[in-house]
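Chemist: Below, each chain spelled out in residue letters.
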Amino acid sequence: KNEVEQSPQNLTAQEGEFITINCSYSVGISALHWLQQHPGGGIVSLFMLSSGKKKHGRLIATINIQEKHSSLHITASHPRDSAVYICAVRSRETSGSRLTFGEGTQLTVNP
Amino acid sequence: DGGITQSPKYLFRKEGQNVTLSCEQNLNHDAMYWYRQDPGQGLRLIYYSQIVNDFQKGDIAEGYSVSREKKESFPLTVTSAQKNPTAFYLCASSIVGTGTYEQYFGPGTRLTVT
Numbered sequence: 001k002n003e004v005e006q007s008p009q010n011l012t013a014q015e016g017e018f019i020t021i022n023c024s025y026s027v028g029i030s031a032l033h034w035l036q037q038h039p040g041g042g043i044v045s046l047f048m049l050s051s052g053k054k055k056h057g058r059l060i061a062t063i064n065i066q067e068k069h070s071s072l073h074i075t076a077s078h079p080r081d082s083a084v085y086i087c088a089v090r091s092r093e094t095s096g097s098r099l100t101f102g103e104g105t106q107l108t109v110n111p
Numbered sequence: 001d002g003g004i005t006q007s008p009k010y011l012f013r014k015e016g017q018n019v020t021l022s023c024e025q026n027l028n029h030d031a032m033y034w035y036r037q038d039p040g041q042g043l044r045l046i047y048y049s050q051i052v053n054d055f056q057k058g059d060i061a062e063g064y065s066v067s068r069e070k071k072e073s074f075p076l077t078v079t080s081a082q083k084n085p086t087a088f089y090l091c092a093s094s095i096v097g098t099g100t101y102e103q104y105f106g107p108g109t110r111l112t113v114t
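Keeping their order, the protein sequence lines are chains A and B. Be aware that the first sequence starts at 1, since it is given in the working numbering, and climbs by one per residue. Be aware that the second sequence starts at 1, since it is given in the working numbering, and climbs by one per residue.
FYI, nobody ran anything at the bench for these hints, they're computed from the structure. These numbers were taken from a predicted model, which means no experiment stands behind them. Cβ atoms here follow ideal geometry from the backbone N, Cα and C, with glycine treated the same way. Incorrect hints may have been included.
Straight line, CA to CA, 25 Å or less: simulated SDA-like cross-link-like pairs of lysine to any residue [what the hints assert, rightly or not]:
(1) LYS55/A to HIS38/A
(2) LYS9/B to GLY40/A
(3) LYS57/B to GLU103/A
(4) LYS9/B to GLU5/A
(5) LYS57/B to PRO39/B
(6) LYS55/A to HIS78/A
(7) LYS53/A to VAL84/A
(8) LYS83/B to GLY41/A
(9) LYS68/A to GLY41/A
(10) LYS68/A to LYS14/B
(11) LYS53/A to GLU102/B
(12) LYS70/B to ASP30/B
(13) LYS55/A to GLU102/B
(14) LYS68/A to SER51/A
(15) LYS54/A to VAL96/B
(16) LYS83/B to SER22/B
(17) LYS57/B to GLU5/A
(18) LYS55/A to LYS71/B
(19) LYS53/A to ASP30/B
(20) LYS71/B to TYR101/B
(21) LYS9/B to GLN106/A
(22) LYS14/B to LEU27/B
(23) LYS55/A to GLU93/A
(24) LYS9/B to ASP81/A
(25) LYS71/B to SER45/A
(26) LYS53/A to GLY40/A
(27) LYS57/B to SER91/A
(28) LYS9/B to SER82/A
(29) LYS54/A to ASP54/B
(30) LYS68/A to ARG44/B
(31) LYS71/B to VAL44/A
(32) LYS70/B to PRO39/B
(33) LYS53/A to THR20/B
(34) LYS83/B to SER65/B
(35) LYS57/B to THR112/B
(36) LYS14/B to PRO107/B
Computed footprint of chain B on chain A, listed as stretches where at least three residues anywhere in the stretch have a Cβ under 8 Å from a Cβ of chain B [to be verified]:
(37) 18 to 27
(38) 41 to 55
(39) 58 to 64
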């Protein structure tokens, strides 16, 4: 079993829909990251959080440390949101800034 | 502009040849990382370095080698010993400290070995 599990693996939505991507992890963490990978392959960091909730534009990330679970929400989705969304955690047990990554969720938003 | 550059974007090699992937950053970050991405799998750590002239193996270091002679540069060599070298390779960098810091990623190099 992977230390970081994401669901769903694939998600297709219509423009304007509210989207939720889930991430569960099995280790104690010091931080959780949400990343976005566009078709060209480059990855950008969306959020880094260790508790509570963060919001940036139409994106919201939440984390429940007790339940070892995080969600990424996209409100009023748009075709340009189509990308792979990756959850990654920094385990308290590992050294340095090593991250463990989920397999990613492929999101397609149709116009 | 500050950032991470990887070159080339696409690389083709014949089986049995060593190949070196370039990674340069001008973010003044101490830590640098190499990841491999395969379809349907999460990123896997190959090597990382937290300071010049020092580096550690990640989860899948076999068949790879690195050097860190300069803070800005962390080249990865894919050797002929790597059994399945065809993959997408991503380099990243971050601050080193007692807190948790974002990793900044390069655009990646897609390596195809035939």
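Chemist: Hint by hint, note whether the structure agrees.
Modeler: To see whether the hints hold, each was checked on the structure:
1. LYS55/A to HIS38/A: holds, 20 Å
2. LYS9/B to GLY40/A: holds, 10 Å
3. LYS57/B to GLU103/A: With a Cα-Cα distance of about 21 Å, the restraint between LYS57/B and GLU103/A holds, given a limit of 25 Å.
4. LYS9/B to GLU5/A: Violated - the C-alpha atoms of GLU5/A and LYS9/B are around 29 Å apart, more than 25 Å.
5. LYS57/B to PRO39/B: Measuring from Cα to Cα gives roughly 22 Å; hence the hint holds.
6. LYS55/A to HIS78/A: holds, 17 Å
7. LYS53/A to VAL84/A: Between LYS53/A and VAL84/A the Cα gap is close to 21 Å, so the pair holds against 25 Å.
8. LYS83/B to GLY41/A: Holds: LYS83/B and GLY41/A sit about 23 Å apart, inside 25 Å.
9. LYS68/A to GLY41/A: Given pair LYS68/A, GLY41/A is violated - Cα atoms ~28 Å apart, limit 25 Å.
10. LYS68/A to LYS14/B: Outside the cut-off at roughly 44 Å; violated.
11. LYS53/A to GLU102/B: At roughly 17 Å apart (the allowed maximum being 25 Å), GLU102/B and LYS53/A satisfy the hint.
12. LYS70/B to ASP30/B: holds, 10 Å
13. LYS55/A to GLU102/B: With Cα atoms ~17 Å apart, LYS55/A and GLU102/B stay inside 25 Å; holds.
14. LYS68/A to SER51/A: The hint holds at about 11 Å.
15. LYS54/A to VAL96/B: holds, 23 Å
16. LYS83/B to SER22/B: OK: LYS83/B and SER22/B at ~21 Å, within 25 Å.
17. LYS57/B to GLU5/A: The hint holds at about 24 Å.
18. LYS55/A to LYS71/B: Since the Cα atoms of LYS55/A and LYS71/B sit roughly 34 Å apart, the hinted pair is violated (cutoff 25 Å).
19. LYS53/A to ASP30/B: violated, 29 Å
20. LYS71/B to TYR101/B: Holds: LYS71/B and TYR101/B sit about 18 Å apart, inside 25 Å.
21. LYS9/B to GLN106/A: holds, 22 Å
22. LYS14/B to LEU27/B: violated, 34 Å
23. LYS55/A to GLU93/A: Violated, because 28 Å separates the two Cα atoms, which is more than 25 Å.
24. LYS9/B to ASP81/A: holds, 23 Å
25. LYS71/B to SER45/A: holds, 22 Å
26. LYS53/A to GLY40/A: Distance of about 29 Å is beyond 25 Å: violated.
27. LYS57/B to SER91/A: Holds, at roughly 17 Å.
28. LYS9/B to SER82/A: Holds: LYS9/B and SER82/A sit about 22 Å apart, inside 25 Å.
29. LYS54/A to ASP54/B: violated, 35 Å
30. LYS68/A to ARG44/B: Distance of about 21 Å is within 25 Å: holds.
31. LYS71/B to VAL44/A: holds, 22 Å
32. LYS70/B to PRO39/B: violated, 32 Å
33. LYS53/A to THR20/B: Judged against 25 Å, a Cα distance of about 41 Å means the pair is violated.
34. LYS83/B to SER65/B: The given pair, whose Cα atoms are some 14 Å apart, holds under the 25 Å limit.
35. LYS57/B to THR112/B: holds, 23 Å
36. LYS14/B to PRO107/B: holds, 23 Å
37. 18 to 27: Per the Cβ count (0), the hint is violated.
38. 41 to 55: holds (count 7)
39. 58 to 64: Violated: only 0 residues of the stretch 58 to 64 of chain A have a Cβ under 8 Å from chain B.
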